[in-house]
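Here is how the chains run, residue by residue.
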Amino acid sequence: MMIPCPHCGDRDVSEFRYGGDATKQRPKHGTGDLRTWHDHVFVFENPKGPHTEYWQHVLGCRRWFKLARNTATNEIGGVVS
Amino acid sequence: MTSFRRLPQGGRIDRARPISARLGGKPLPGFAGDTLASALLANDRLLIGRSFKYHRPRGIVAAGIEEPNALFTLGEGAATEPNVAATMVDLVDGLVARAQNAWPSPDFDLMAVNSLLAPLFQSGFYYKTFMGPSKGSWMFYEPFIRKAAGLGRATALPDPDRYDMCYAFCDVLVVGSGPAGLAAALTAARSGARVVLAEQDTDFGGSLLSCNDAEQEAWRLACINELKSLPNAEAFTRTTVQGLYDGNLAVLVQNRSHLFPSAQKGEARMLLTQLRARTIVMATGAIERPLVFSNNDRPGVLLASALRTYVNRYAVAPDKRAVLVTNNDTAYQAALDLAAAGVAVTVADHRSNVSADILTRAGAQGIAIFPGSGIVDVEGAKTVKAVKLGGPHAVTVECDAVGMAGGWSPVVHLSSHGGIKPKYDEAVAGFVPGGFPGSHFGAGAMMGTFGLSAAIAEGSNAGASAASHAGFGKTRPAYAPEHATDRTYAILPTWAPTQGAKGKAFVDFQSDVTIRDVKVAHQEGYRSVEHLKRYTTLGMGTDQGKTSNINALALMAEYRGITIPEAGTTTFRPPYAPLTMGAIAGRTRGSHFRPVRRSPLNDWHVKNGATFIDAGLWKRAWFYAWAGATPETAYVKEMELVRRGVGLADVSTLGKIDIQGPDAAEFLNRVYVNGFARLPVGKVRYGVMLYDDGIVLDDGATARITENQFYMTTTTAQAGEVMSWLEYLLQMQWPELNVQVASLTDEWAGMAVSGPRARAALELAFPEADLSDAALPHMGCRDFVFGGVTVRLLRMSFSGELAFEVHVAADYAISLWEHILKAAAPTGIKPYGLEALASLRIEKGHVAGLELDHRNTLDDLGLGKMAGKDKDYVGKALRFREDCQAPDRWSLVGLELMEPDKKLRGGSILFAASDEIKGHGRGYITSVTWSTELNKFIALGLYKGGLKHEGEEIIAAFPLKNEQARLKIVSPHFIDREGARLHA
Amino acid sequence: MSKHYSALALARHALDPDMPWPKAWESPEPKSSYDVVIVGGGGHGLATAYYLAKNHGITNVAVIERSYIGSGNVGRNTTLIRSNYMIGGNTAFFEHSLKLWEGLSHELNFNCMVSQRGQIVLAISPVQMDVFARRGNIMRLNGIDAELLDAGEVRKLLPYLDWSKDARWPILGAIMQPRAGTVRHDAVAWGYARAASALGVHIIENCEVTGFLINDGLVSGVETSRGRINAGKVGIAVAGHTSHVAKMAGLRLPVESHILQAFVTEPVKPIVDHVVSWGAELFYLSQSDKGGLVFGGHIDGFNTYTQRGQFNRIQTVAECAVSLMPFISRLRLLRHWGGIQDMTPDGSPFICKTDVRNLYLNGGWCYQGFKATPASGWTFSHTIAHDREHDLVRDFSLDRFGKGRELDEFGLGNWTYKQ
Amino acid sequence: MLERRSALASARPYAGAALRIAERPGFTLTQVAGLSPDFEAKLSDVVGALPETVARAQVNGDRALFRIGPAQFWIIGPETDDAAARLHGQCAVTPLTSSRVRIALEGAPARAVLAKLMPVDWDASVFTPGTVALTGLHHTPVTVHCTAGNAFDIYVMRTFSLDVWEAVTDAALEFAGHRTNADT
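Protein chains in written order, with this note's numbering: chain E, 201 to 281; chain F, 18 to 1001; chain L, 1458 to 1876; chain U, 90 to 273.
Just so you know, these hints were derived from the structure itself, not from any lab.
Remember, it's a predicted structure, so these values are computed and weren't measured experimentally.
Hints are not guaranteed to be accurate.
[As the list claims (entries may be wrong)] Partial list, derived from the structure: chain F residues whose beta carbon lies under 10 Å from chain L:
(1) 168
(2) 260
(3) 554
(4) 815
(5) 866
(6) 870
(7) 874
(8) 893
(9) 895
(10) 903
Don't be surprised by glycine CBs; every beta carbon is placed ideally from N, CA and C.
Make a model of the complete structure from these sequences and hints.
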């Protein structure tokens, strides 16, 4: 796969680290009960199709970003702001 | 008697350059341009091996990569390479080859008795027996089965050769250099696009190399010359496109084995290229199918197209007569070329109607044609003697060779690597690409286009489309040679054998799968293509069923009474052909397997007799020669040095992070469980951070340098994780915080000066600096300039002694380290290594390594009290999950060995004195050391209920060595509990 | 026709080539209703159906498979079996599984080629030796075989490893489980299918479940591509696709689908006689009876359902193979393929009841689905039959994360993609 | 006085007829990051024009500037560079001179060698002088700067530098006239 880094452009997937499901809203710091945090940390959307994920260009500019990617085809949808 | 011979002239071999290779210890003469296969035929060596299961005599079937039978072991000693197809090996001086799967020799093979037991070895054989008499019986049979299986023999010696890897980028990749591929590459290159042409063969031209037409040869050379003249085009031979991966990544492997063993230093036997192509044109051609009939595996039975290649390209022909059996028109190209070479040819054509054009052209060459007939049986065991024809012309024809023309299977592998299934094309009687993504194009035989001018036209179009898709507009197509005609490919699909003979009719030669095996699979219900393949092993050989898959699929469809498309298709996975493991690994092996990370002080350690130990990627000084030769003894002396005097340790591997910004304090206050908001400037604080799940992520000391700048340290192991975690929180979750982080791990070196005489040592090293307890109290921090360089002093202790960490820019580390040792020599200061470092912290009860294993909570580690009650921090919510708060969780304890004569071991399982010694125990030992203070073995461990059991005597069990020992549970702080030494 | 397989039966068929073998399993039309419907005709689903019939006398059972049976991970793994587990909730379950493996060919009258050639896990640091020791000690204390080997003993067994000074990490020793080994993976699906079919279980291929029939929290059947099928109870065993099948029943799960690649070389004569695993990086290798070296490594590491692996992971694994066993450099890779596996935060599975009554879940197997197959079927069938979790899977529950009762066998923390 | 010591002091030198690989010391590396909206303005007051994109270096006199991320720059100056001091208090300033080793690669085969090491398009028509890439070399982060036709500076992490040196010189083996005590 080629992953589009918002700053460095298309780069080989080997330069990136995957950061998990980005469709979930992280509770604001200091808020959220046990159940909310449980769902945020442990439950995954895991769709077969369009998805949004966190990636970091760790062997590059070290930017984290949200990436739209289709888990059924590995098609890249682009960076999500 | 002779079956095959070298023709006096013709072919693409260089008769001026004779080659002497060796086969099975005997010379195998040939010419430059020969393959091992063509040389074998030229020397009339038909019988070249034995089959996998039945050990039947086998010969060469093909002239290309699809060869199922002719596998040899090349090279000797460490350079041994088994299972190489003779058709893909250049005949070069020094080549050494051996036959396989036959003992003592293919000619006289003892295992041939297998063929007598043949009726037993039908599909599913293994699944139905070898179960008795008792449960474990398979273990008795397995060794024999394993010995019998397994093609060639590999060497256990390390591969002596070099393999290389590179990355490349292009606009248009053209796969295959046949007529379509050459046209595509040329047309694309003329547009100015960056073009790469990959050809698997030793020369460009594909099917043109097997022709004997002067005009076509001229066209081929013209294309190649123009292509080579264009600066934006690159063309590679011996280069197989092994697979296509996401993002148009094509993996090309160039095989340079023909240069070995005489290769130059640094020259690679194979080069793997990861090529990112904007667009891809596939012109991968087609592979001819055999026909299935009784004894169709006899040596001398080849593909018709192979016979044509051998006669035209290698000038090797059957001695007198060849019989071709066909169900389509293309066989006649072979027939005519063989006839032209003086071979008498008989054609048995399954079709009762053969076109007039063919009849006249063939008749003119004296080729006998028997319409409506096929081969019933083949006579001869180790070579073909004659064939029995069926149908209206039931005659027996003596011959030296048989050519099978069962129709063509387009090479759709690459097009389906991307996940698009091939679709069946009735007219072609084969599978063609099921479609292409926008950036892929196809041309020529792989699309089912078999005519020469049609293929060239299609290639030109594909090349133009690919170029324009890659953003290159104008180009000029490559036109076909003037007299190029489109020979017809009328085919009457015939899958089942002509009836009337009892001999084995093979579908898959290499896996020894007969038509009967397919029947049995059908009977037993293994009917889906995948079941058929897995149950009969059909198509699972090194040839990956290139010649057998379609025939088998068609036969299964016939038995099921459904159409071929209904029966399904086979999925093609990379690699296209067997791919040398060394080529995939490239240079990344041995000492280069993974990077080595070295401390800025590394060179000093090396020079001064340190023994190193791996800690993740780091090489760390384990212990020093001054203290002893083995870790067991050395670390104890180094511990004593620190407890009684002063020692110097390299702690540069600690993670270090620069945290700056108006919200830096708030940021740290969030990520650490304990408060950092009000940490005064010039102070250091020990902090612990959790992950969102409430489990301990890491710990370390962080200093406040200025109001808005902090200097964080992490554990060596978690440094990378913590850095990414902080970046994630700042960039993705807490945009409201104005903070910048930067890694200082490589910028700053760190050295710990520890021991009662630490202050004395540093006062000698830094005479200008006031290091009194008042000026620099415990957990104080100060920067000052020494020798023109900023030095950062942090007064903190991992060992429990009075200690300082001296940090300095890495460039100056060795200079400062040597200065301290020299200046402080009167204090007896010496270096100590990782083993002592880790042992001292155990005595002090600091958690590390195995105590921080992502399983433990703050409270498990006895750090619960650190967490701010009325403060929020990452992981707070889930920290309070039910079981995380359970009173009887395994938590940190200190352990003392009660039996002086015994040894304590890490990984021991803990039990209460009254427990039966079985099950999972009540905990385990994480870290062990000899305590120089207590003169006994002590340990840290996790124990159910933890320090509630302080003072209890328990048992440590180590059944792997049948050891048990009595321990006492004590506080994990074995020394100086009130911390007097720290504040000295 | 010989229904029973044996050398004798083979001989009879050899003498009379025209005598046909019976179908291994029947393929009937689906009935309108069953006592139990198992969704998923993989190893776990088929084993579950077999033990429902065999252990619990429930034979009115249908196994519903979207494609052909065994088309999922049971046919896409590296065929390893072992029971070297150290966490309380795991040890007994996987040892029970290994015991069932040991008798499986007899039990099913189908040779699954259960080969207990022993697994050797190589340690590269003193700390790792301690970790392995803890594992081995727990195994011994639970009646499971385990040996601690020093470098010399390992070298005698595996002379072909890189013992040179060039090795990036030295091999300091190993933990060995002699009873661990390999199994012919496809045979497991076929053997269970044949045995279940013989007991009356319906095996329905090419039938995709498209929905669940659920009324006020109670499941009563499934909608399929071949029509509605009513069921008293429904079990889901579709590892790899657990999330989106469970989603049809309104369940959201702690599961993320990832691809794990597997590799096989061309066949060569016997050269590797054990299962060998490495402590430097996740890597495991054995030689199949056919002669191919079968091996694998870490998941690609991101959420995907495509069965196409990334090439950089292929490189990583090849680098491990060539660096640990330098002779492999000259052998050739024949095939590589990908299996989609459920990854869970703690790397451990689920066999449990769900919020929907009479709907049961089996999934989240991560790397360990194949070796678990017999015990999974054994305990899942019990859970379904008694509407109560079997004792061996008490900890394989969905609520363990909420309770803070993770089963983190390897201390890797709660990250699906780092397991 | 404390003396500097190169992280490559014990590296085996590389000698090739057409290719030069050597450490290029003698620079000051300062990482600056913005903490206020007017950061880039303040920065250019001190160091001049800033690079437009992450892919291009801006050379102002004896300083080269890389944009390594949003509101983040590297300033590569001479050993005596005072940029850090002059920027103090105006943004986050992090001296990183010791953290990186600069390896210079020069000669006709340079692009071929880079292509063996990093998944970036090194074609002369694409990676022109002034181009910068933040990428990975043997699992470690590196910054590559094309300083002229076939001349490149590779900034590698100090603690990995000896290993990266080995990786680069090994990749360049086929271009080595000889590699000093290569066989020891």
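*Any hints this thing doesn't respect? Which numbers, in order?*
Failing hints, ascending: 4 and 8.
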